[in-house]
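Asks: Going down the list, the protein sequences come from chains A and B. The numbering of the first sequence is the UniProt record's numbering, which starts it at 1 and goes up by one. The numbering of the second sequence is the UniProt record's numbering, which starts it at 1 and goes up by one.
Just so you know, not all the hints are guaranteed correct.
Since the list gives no way to pick out one identical chain from another, each pair is judged satisfied if it fits inside one copy or across any two copies.
[To be verified] Here are the simulated lysine to aspartate or glutamate pairs, DMTMM-like style, with alpha carbons at most 25 Å apart:
| # | residue 1 | residue 2 |
| --- | --- | --- |
| 1 | K112 | E94 |
| 2 | K175 | E48 |
| 3 | K248 | D203 |
| 4 | K175 | E149 |
| 5 | K264 | E149 |
| 6 | K264 | D106 |
| 7 | K116 | D106 |
| 8 | K264 | D78 |
| 9 | K116 | E251 |
| 10 | K22 | D78 |
| 11 | K16 | E126 |
| 12 | K263 | E149 |
| 13 | K263 | E60 |
| 14 | K157 | E60 |
| 15 | K81 | E202 |
| 16 | K264 | E60 |
| 17 | K248 | E117 |
| 18 | K175 | E251 |
| 19 | K264 | E117 |
| 20 | K263 | D119 |
By construction, these hints were calculated from the structure, which means they are not laboratory data.
There are 2 protein chains.
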Amino acid sequence: MVQMAVGMSKPGNIAKAVSFIKEASSAGAQIVTLPECFNAPYGTKYAEPIPGPSTQALSEAAKNNCIYVVGGSIIEKDGTKFYNTCAILGPNGEMIAKYKKIHLFDINMPGKLTFKESDILSPGNEFTMFKTPFCTIGVGICYDMRFAEMAQIYANKGCQLLLYPSEFSMTTGSKHLLLLQRVRALDNQVFVGMASPARDTEDTYVAWGHSCVVNPCLSSLNDFWMDTACFEIFSYPWLEFDGVFTPKVMEAYPLTAVRQNVKKLIKRPASVHTNL
Amino acid sequence: MVQMAVGMSKPGNIAKAVSFIKEASSAGAQIVTLPECFNAPYGTKYAEPIPGPSTQALSEAAKNNCIYVVGGSIIEKDGTKFYNTCAILGPNGEMIAKYKKIHLFDINMPGKLTFKESDILSPGNEFTMFKTPFCTIGVGICYDMRFAEMAQIYANKGCQLLLYPSEFSMTTGSKHLLLLQRVRALDNQVFVGMASPARDTEDTYVAWGHSCVVNPCLSSLNDFWMDTACFEIFSYPWLEFDGVFTPKVMEAYPLTAVRQNVKKLIKRPASVHTNL
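Let the hints inform the model, and build the full structure from the sequences given.
Replies: In structure tokens form, the structure reads like this:
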């Protein structure tokens, strides 16, 4: 997880991301996740196609370091439309997949936070999963995390890890983010990672920070907190995916077995009883 | 919410519940929720049919106090089978509905908590909603709260309040309960109430307590904590259901609108990309 401060200079941001990818790789990481809008401030002004200069730089970084890069997001110009898109680069530098943010962030809290992403961007229409030698990964971006059904679909399809490049605000970050991240992990018995820009209190948009990875029983949570105004990098012990940790959790809490039984059992949709 | 200590005497427990229903009504409550297994220690030894002596007492209490009673749960004997069942009594004393726990609690954490409810009970096969003059209510029991899809179904069907008579343990209560309760409220934009037995550290099974009601933006949470070894009663300002509070939250966070748009958009199920 790379929690980097995003500045006004696009080449500067890209160079910073490339440098952190190298640093993460040197530290032993095999998958690196950048934050939402890692390459530029939010907006269509900095939009570019995919492939384009930003993903080209990520591709080279992935290849040079032989590492998977979940490329945060960039505002993508695709024809006449704009998307909030995450490009995923494999260790040979190839683009394995790209994910266009499905749930666009519309919020209306006058005096606190008002924002309508759907005014300027188009939503994606495809879920994106990819396989690595370590685990299968599902990708969402920020506000997607609010929608439990997305995580459920990914988990049902066999993902062991969900990654959400994000840019939660101080309002929704403090109120809801960690709660959501933890419950997605708990409900679906998957690992959930969230990478945020660093918190920069001088910025017009102040990100919540707190990038972390949560495991399916939440026990490692405290290891991965961070709240600096610069950046931090950490890696997760992959051993825990490969048949050691997750199966133990699933054995302790056999949610899937219960779900399968319930599916067979339920014959009728909910009927409403009333004595009014 | 009635958080009552449940003792070995069934008549004693029932009398206590009846007394609390009266007290709640006197304090202005219009719906009262009892904890899971309010009438007796857990087990088939104390099972009885529904209607039966316990629900008859609740029916009289509901009628005498002109109040809705969400009757926690009792172990129900129905033919040769046993269920964990919640009877819902209306203000005229009539049984509006009964809900048989669908997701039976099986957990396997050797040394911490091992329990297999499905060894002794049968699961229900029907969701249960009922209408009141205040709001529409969906009912689950304890472990049901772990299953996000149940809360989603209730919310989609129009429930504004979900009530979970519960008996969370010290292990799962401390680790997961409040997290689950809060996210069910947040994800589905509903109120979520959980009534537990009081914590009795002398008991063989120590309940977590912490009965509370959470609203859809979690802001009232702290008002409703409790952790006593006896009981507490509180009521919730119903005004917040009737077109004042929930619509405001829904306007601030238009999750339903986003969901509807996404449903229209998504054309393809998740495909797995791989470069392996």
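Asks: None of the hints should be skipped; say for each whether it holds.
Replies: Hint check:
For the homomeric pair K112 and E94, neither the shortest alpha-carbon distance inside one copy (42 Å) nor that between copies (47 Å) is at most 25 Å. In this homomeric assembly, K175 and E48 never come within 25 Å of each other (Cα to Cα): the closest approach is 33 Å inside a single copy and 44 Å across copies. Taking the shortest alpha-carbon separations for K248 and D203, neither the intra-copy value of 43 Å nor the inter-copy value of 29 Å comes in at or below 25 Å. When the C-alpha separation of K175 and E149 is checked against a cutoff of 25 Å, the pair qualifies both within a copy, at 21 Å, and between copies, at 23 Å.
Taking the shortest alpha-carbon separations for K264 and E149, both the intra-copy value of 20 Å and the inter-copy value of 15 Å come in at or below 25 Å. In this assembly of identical chains, K264 and D106 lie within 25 Å of each other by CA distance solely across copies; the values are 17 Å between and 37 Å within a copy. Taking identical chains as interchangeable, the C-alpha atoms of K116 and D106 lie at most 25 Å apart only when both belong to the same chain, with a minimum of 4 Å there against 44 Å between chains. Taking the shortest alpha-carbon separations for K264 and D78, only the inter-copy value of 21 Å comes in at or below 25 Å, while the best intra-copy value is 44 Å.
Taking the closest pair of Cα atoms, K116 and E251 come within 25 Å of each other only across two copies (13 Å); inside a single copy the shortest separation is 43 Å, beyond that limit. For the homomeric pair K22 and D78, neither the shortest alpha-carbon distance inside one copy (29 Å) nor that between copies (65 Å) is at most 25 Å. Taking CA atoms no more than 25 Å apart as the test, K16 paired with E126 passes in neither setting, with 30 Å inside one copy and 55 Å between copies. Taking CA atoms no more than 25 Å apart as the test, K263 paired with E149 passes in both settings, with 16 Å inside one copy and 11 Å between copies.
With identical chains, the CA atoms of K263 and E60 are never at most 25 Å apart, being 47 Å at best within one copy and 37 Å at best between copies. In this homomeric assembly, K157 and E60 never come within 25 Å of each other (Cα to Cα): the closest approach is 30 Å inside a single copy and 50 Å across copies. When the C-alpha separation of K81 and E202 is checked against a cutoff of 25 Å, the pair qualifies neither within a copy, at 31 Å, nor between copies, at 65 Å. For a Cα distance limit of 25 Å, the shortest separation of K264 from E60 qualifies neither inside one copy, at 49 Å, nor across copies, at 37 Å.
In this assembly of identical chains, K248 and E117 lie within 25 Å of each other by CA distance solely across copies; the values are 20 Å between and 40 Å within a copy. In this homomeric assembly, K175 and E251 come within 25 Å of each other (Cα to Cα) only across copies, at 17 Å, whereas the closest approach inside a single copy is 32 Å. For the homomeric pair K264 and E117, the shortest alpha-carbon distance between copies (18 Å) is at most 25 Å, but the shortest distance inside one copy (40 Å) is not. Taking the shortest Cα distances, K263 and D119 sit within 25 Å of each other only across copies (19 Å), while inside one copy they are farther apart (39 Å).
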